[in-house]
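Sequential numbering from 39 applies to the sequence shown in the working numbering.
Treat the hints as calculated values from the structure; they're not laboratory data. There may be inaccurate statements among the hints.
[Stated by the list, open to error] Below 20 Å or equal to it, Euclidean Cα-Cα: the simulated SDA-like pairs (lysine to any residue) are: (1) Lys76 / Thr58; (2) Lys79 / Tyr41; (3) Lys59 / Val87.
[Claimed, not checked] Have a look at the derived ranges for each label pair, beta carbon to beta carbon: (4) Arg47 / Asn72: 11 to 21 Å; (5) His112 / Cys138: 19 to 29 Å; (6) Asp120 / Thr58: 30 to 40 Å.
Yeah, the Cβ is synthetic: ideal placement off N, Cα and C, and Gly gets one too.
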Amino acid sequence: MNYQDKLERLIDGKDGLIFTKEVEEAGIPRQYLNILVKENKLERVAHGVYLTPDTFDDEMYRLQAKNQRAIFSHETALYLHDLTDRDPIEWSVTVPYGYCHFK
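Given only the sequences and the hints, what does the whole structure look like? Please build it.
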């Protein structure tokens, strides 16, 4: 199996959302992400984040997946647990003391 087939199987297993980090961990060169983008099989939606064209772009999921120590809190948590009937205007996120997303 070549790298492109391996990457397509990996994407299928991740429900159409893939991170560059996951591709590298699978031993696939990242240039194959660019090949799939040029073939319109993937869309780059953020730095290191790729989606298939038919996958729903859930920004909250992307934020949580890229920043695993960040937790949705306050009004956003109420919304996610269906405990309020209002959509949050801004998302509330809580991170541990001293957390820096640039590391």
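Exercise for review: Would you check the hint for lysine 76 and threonine 58, treating anything up to 20 Å between C-alpha atoms as holding?
Suggested key: Holds. Lysine 76 to threonine 58 sits at ~16 Å (cutoff 20 Å).
Check your understanding: Is 11 to 21 Å a correct range for the gap between the Cβ atoms of arginine 47 and asparagine 72?
Key -> This hint holds: roughly 18 Å between Cβ atoms.
Exercise for review: Please work out if lysine 59 and valine 87 have their alpha carbons no farther apart than 20 Å.
Suggested key: 9 Å, holds
Exercise for review: Determine whether the Cβ-Cβ distance between aspartate 120 and threonine 58 falls within the hinted range of 30 to 40 Å.
Suggested key: 33 Å, holds
Exercise for review: Return holds or violated for the Cβ distance of histidine 112 and cysteine 138 against the range 19 to 29 Å.
Suggested key: 21 Å, holds
Review point. Does the structure keep lysine 79 and tyrosine 41 at a Cα separation of 20 Å or less?
Key: 15 Å, holds
In summary, this structure violates none of the numbered hints.
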